[in-house]
Each structure stands twice: as C-alpha cells, then as structure tokens.
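> Below, each chain spelled out in residue letters.
2 protein chains.
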Amino acid sequence: MGIRSKLSSLSPFEIARLLEAMEPRNREILWRMVEQEDEGEVLKELVEDVRQKLIDQMDTNQIIAATQDLELDDLADILNDLPDQITDEVIRALDRQDQIRLESVMSYDEDSAGGLTNPNILSIRRGLNIKSLIRYLRSLEKLPENTNYIYVINRNNEYIGSVKLVDLFTEDSEIQIEQIMDSQVAPISASSSAEQVILTFQNLDLISLPVVDKKNRLLGEITVDDVVDAIQDQANSEIFNMAGLDDEDDIFAPIFVSSRRRAIWLGANLFTAFLVASAVSLFQSTIDQIVILAVLMPIVASMGGVAGNQTLILVIRGIAMGRIQSSNAIRLLSKEMMVALVNGTFWAIIVSIFAVILFQTSWEIGIIVGISMLLNIFTSAIAGVSIPFLLKKIGIDPALASGVMMTTLTDVLGFVAFLGLATLLLL
Amino acid sequence: MGIRSKLSSLSPFEIARLLEAMEPRNREILWRMVEQEDEGEVLKELVEDVRQKLIDQMDTNQIIAATQDLELDDLADILNDLPDQITDEVIRALDRQDQIRLESVMSYDEDSAGGLTNPNILSIRRGLNIKSLIRYLRSLEKLPENTNYIYVINRNNEYIGSVKLVDLFTEDSEIQIEQIMDSQVAPISASSSAEQVILTFQNLDLISLPVVDKKNRLLGEITVDDVVDAIQDQANSEIFNMAGLDDEDDIFAPIFVSSRRRAIWLGANLFTAFLVASAVSLFQSTIDQIVILAVLMPIVASMGGVAGNQTLILVIRGIAMGRIQSSNAIRLLSKEMMVALVNGTFWAIIVSIFAVILFQTSWEIGIIVGISMLLNIFTSAIAGVSIPFLLKKIGIDPALASGVMMTTLTDVLGFVAFLGLATLLLL
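Going down the list, the protein sequences come from chains U and D. Residue numbers for the first sequence follow our numbering, beginning at 1 and rising by one. Residue numbers for the second sequence follow our numbering, beginning at 1 and rising by one.
To be clear, the hints were calculated from the coordinates, so they are not data collected in a lab. Built from N, CA and C at the ideal position, the CB exists for glycine as well. Any given hint might turn out to be false.
[As the list claims (entries may be wrong)] What the simulated footprint calls covered on chain U by chain D, stretch by stretch (three residues with Cβ under 8 Å from a Cβ of chain D suffice, anywhere in the stretch; the number is not a length):
| id | segment |
| --- | --- |
| 1 | 166-173 |
| 2 | 198-208 |
| 3 | 301-307 |
| 4 | 352-364 |
For reference, chain U alone in the conformation it holds in the complex (with noise of 0.2 Å):
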C-alpha cells in the first residue's frame, strides 16, 4: 500500500522516468499498481521499447481504459505502435467525431506536423461578432485546456486567420472577429517535417500554429509545449546517434537484445580498425628498424581526430540550427583550414619538443611528428566541413556517420603521414 500511495503522488512523466529505471520484472509489477486513470499518460511519456513491452501484455480492454483520457494526437502516437486489429477496436470505442479526428490525424507520420497535431480546437465560421462569439464559448461545457487562439474558417472548413482568446476581453464587443483577427501567422501543411516544424515555432516565436491539409482543410493546432518534446527527441537522438545508439531503446533492454543492438556499430569499427591497421602494416618494416615510431604514432592519429571532431561537431549543429548553409560553407572551410594551420604549428612545434625531450628520439623524427601532425589537423579540418555536406546529399544523418568516418580518416591520415614521411626521409 506505501507504494501504491507513493505512485499516486507522482506525476505520468515520474512514473514513466521510474520504470525505465526499473529492470524488466520489477516493471512490470510496478505497472500492474500505477491507477488507471495515469495509464494512457504514462504510456505516452515512455520511450517506444518500454511502451511496447508493456502494452504487448494488456488485452484490448485495458488498451481501451488506459488511452480513453488521451489527447488525440497523443491516442494516435501510441495506437501506431499496436497491431491494427486492436487499433480498430479502440477507434471503435469513440465518439464518431473523434474518430474522424483521429484517423486524420493517424493518417500522418508521427514525426511530421500532422502527427503533432491536436485536434481539439476550437474554430467558428467567419462573420460572427465578439459578443455572440462569447455568447458561443459561454454555451460550451468546457473550453480545450490551454486554448490561446479561436480560429476561424469557413463554410469549405478552410483555414481563413486565428483571434487571440484574451483580446475578447478588451475589444468591443460589437465589432466583427474579422477585424480583429490575425491573418498573418500561414498555417503550416500537415506533410511537413518535425524539423520545420520546430524551426517555424523558433522562427517566429510562437506558442501556437494552425495546421492544414493539401486543400487548405483546418486539421487542428500544434502547441509549443508539444514542439518541447520534438526538440527533446531532435537532440537526444542527435547525441545518441553519434555513438550508434538508439534513444527510443529501453536501457535495461534483455542483454542479448542490448549486445546485439550495440555490436552492429562495433562490427562497423572493426572494418574501419582493421583498415587502419593494415595502413599501419605497409609500413612494419619502417617500425622493425625504428621503433620508437610505434610509440608516437598515436600522438599524431589521435591530435588530428580533436581537431576534426571540434569542426565535425561546429558544422553539424550548425547546420541544425541553420547557421550554416551551402551558402556559407566555402567560408567556413577556408575559416577552419586557418584555425587548424594556427593551432596545426602551434601544437606541432610543442609536439616536436616534447617528443625530442621526453622520448629521447632525434630531432628529425621529433620534426617529423610535428609535420605529419600539422598535416593531419589541416585534413581533418577539411574533412570536418566536408563529411556532413556530404552526407547530408546522400541522404545520410551526419550525427551518424560523420564520426566514424571522421575518426578512421584521421587514424589512417596520421599513420601513413607520419610513417611515410619517416621511411621517405629516414631510411
């Protein structure tokens, strides 16, 4: 019972946060206490493996008590994880208008403006006044909770402009809701991206944006505080993403389902490793009669790999955050090629000291470091602006790949630098 009190204390996203904490057994014993009237929330704040273990064991009719409380476009994120059998059962429990917003709203891809869109809005035909707008809203049981925008349409039900709710407050009463509508805020098509969505909210400041379909039809809204999540997701999955993990994967995942997801991106840097390796291996009768390459070689891959990767990273979130453009990218290649020649001979002059005092080498191999590493930096510069344009043209995420390609360019750049400047100039 302390339990069970303790969970009702807490909100759908704490319990959500507690059983992908949990490990898969006492989970689902946690389940089985949270209230129903929590369930649909908590299922919505899970991330998609957890959601769909726990779903997998509810029959039709706890689906239907669980979700019955959701918002719609919330309801139609999770049914587009279930089989379509159970999908159309619980559509069937609703109303008939409900289900009509719904399957508008199923009928786009969850991570595009439609799949963010709630259809619980409030729109009026053109030609009311204030006063009998109010008239209207005061007949109504209950207004959408956090309701900022009326938007109004007409006959076709096609979007024609929005009227802020607080200046019914101050405007006369007898004046026409056209002349104090906004029209100027475009509605956004259901087809496009979460991204534009996202960059629209940012662009102009927005807490609310009406949504349309091809033939200009007013779906419904999207509000800020669900482009909050499409933000979280955006730069979780970019983070994620640059270490070959999923973030909609459960944590405490079985440890075969884990091991096998992980090993797909350890199998691709094997290839890359046994690349670098056999670079290395042209050069092992150099090392068999100068050793001490063996030890400083990995200063020089590993400098290069930095550098790349702080020009990787600028460029990558640069262009997410649309600072960076094929307009501007000349610029800042030519701008990073000169931070990396500054700070390729700054560090390359101390690496050659070093290597000389510490290691006790010559001073040529001392100044071959220090050129194959200026070398290598310079590259990787190159590369950094290079590899996400690239990939972006290709149709690749550069959070994915731009690393792993960043990394054996500068491994294999650095050892064959330095390596063959040593057998050139040495031998």
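Given the coordinates of chain U, work out where chain D should sit on it, guided by the hints.
Only chain D this time, still in chain U's reference frame:
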C-alpha cells in the same frame, strides 16, 4: 534597397541566423540595415559572442532605442552583457513599475528560474467573483500576450493560486474565484536552476509556471516558449562541451580568437596523448622483437573506445533525462558489464580470426589481440558508468570531461593489456 526590403520580410530569428552566418565585416554592414524596431528581438536571438560585438559598437541612445520594446526578461539577458553605466541609463529610461520589475529579474542569474521569469503578468487580490474579475480585465487596455493564467495573491503579494483564463467563459459569473482557482501547482523558487525549470515543465506538462522569491512573493511567470530556448541551449551546450567547444561562440570569430579557444582542448588532449605514448614506450623492446604488434595495437584501443563511448553517452544522457540515478546505477553497471562481456567475447573471436588471416600472424598473437580487446571493452563499460558519476560528485560537467578521460583510459589500457600480455606470453 533590395536588401532592406528583403530584410524586413525576415523574422528576427532569421535575421539573427543570417548575421551569425556572416563574416564580421559584412555583419556590421547588414546590422546597420536592420529596422530599429527589430533590433531588440534580433539581439535577443543572437549567440552571446556576436551580440556582444554588435552592442560594443552602439552608443547608449541606440541601445535604449533598440531594446525599448523587449520583454523584461529578454531585456535583462541583454543588459547582463553591458557595462554598468550603460545598464543604469537603459533602466532609467523605463517607467517606474518596469524599473522595479526589471531589477528583480536582473538580481537572478540568467540561467536560473528568476532569469527566465517574465514579470509582465496579470495578478489579482483574492476575494473577487468572476464577474468583477471580467470587469477588471475589460478595464485594461490590453492583456499581456499569451495570457493563460491569472494569478491570485494576498495583500502581501504572496502567491495563492491561479485561475485559467478559459474557465472565465464557462463558469457561472457569480462564484468566487477561489472556487475555480487551482492551488495544486506549486510555484517555483526564483533561485532554482534552469535544469530544474526544464524538468518541472516536462514533469507536469505545463505551459506556464508562477515564480516566487524566498518569501513566496509572486515575481512573474515562466512560459513554455522560454523553456523551449532553455532546452535548446542545454542540448547544444552538451553536444558542444563533448568536443570542448562553447555554443555561445561566434562561428566566424577572428581566426586567432577561435584558435586560442580551441587550443586549450587540443593541449589537454596532447597531454593525454603523451601519457598514452609513454605507456606504449614501456614495451619498445617487445615491439622491436614482434613488429606486427604495432600494427594490431590500434584495433584493441579503438574497439574499447567505441564500446566505452556507447555506455558513456547512455549514462550522461540518462542522468540528464532523469532515467539514471544513483539508485539504479549498480544495476545498470551490472547490465553494461554483461553486455560488454557478450559483445567483447563475440568480437574477440572475430578479431582473433581476422588478425590471423589478414596479417598472417601466429594464432598466439591472434588470441592475445582477442583477450586484450575483451578486457578493454569490459573495463570501458565499468568506466562508462563510473566516470560520469565521479565527475558529477566532484562538480565537473560530465559532458565536458568524460570523453577525454574515456579515450585516454581505453587507449592506455588497450595498449598496455595487448603489449603486456604479448611480453608475458611470447618473450
């Protein structure tokens, strides 16, 4: 004139991105073309580094003119970057009420709840009924844009509860506001951190939150659109910190400024690279005798690095999202160790076989590569869970230093395990 009319069709957000995407010289030319009424909003949207440079070239009157239409919380952010004397003059240009409000916001850190607070809200004394509240609203010239709540205070300005604006339309106009007032949502303290604000909004799915000072006096509210910016900043700085970058830097800063900023990180990495090289140098005579070891050793180090990084990012993000706390860290640790064991063993077998086939080494060396790689992957899982917790305990941002520590550890460990085992077993 073409540019000017193009400019006026852009939103402040777009103009800010455009300015950031330009070289300093062109930036100043464009800045002079921005309409005065947009200047404040554009300044607000710029990264700190660029904003600072533009403001440095404006005189006090220009700054006052540019910032006069800003919301007070945004004005406070900008004033924080200005010399005290100019700040004082800008404040003196405000009306008395705004002066008091602004000073209360400015007394809090930019990244605290107080710094995110918008003091321009509607608050009323308790004891009114709905009818008189509506009459009061009608008497105002304009309500603050995007008002969702009206806050109820007592005679000491202490927060009591909040009334939803939408409820004013549907509730009976004779009842007291206390009856429809929500006193459930606890106000947040102005000294709370931005992270706490973000967590609270996500936790309770809020669209606005009242902010109080230490004595429970109402200061204003935080709205979800400001939280959107805070979330973007948080995600951005996490990604940038991983590469030792600062997300508030100008990407087109002068070359020597950028070089100096990045040099620190390269220097830190050079130090760890020398550590790694020193570890390798202990085994010079081993490499001298079996040169293929120098070829294979990068594989061992890099596979440990990749596996360790996966655990690391999972844990850093998990902590930031509230999915991982010290209470489930041990279970996560044991799970990550099991995953490392499974994947380490699997890839150790693969790498042993391929090392023998591709590089014609002896099977003993093949097995030593495999075992040392397994060892490295396994240890990196332990480090991936422990490092972020250790750093957090000693007050260092895990995103900033974890990556370098992990790379150094897996490099040193990979080389030492591999070369050490080879020395022990083969010589």
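> Hint by hint, say whether it matches the structure.
Do the hints match the structure? See the list:
no.	hint	result
1	166-173	holds (count 4)
2	198-208	holds (count 7)
3	301-307	holds (count 5)
4	352-364	holds (count 3)
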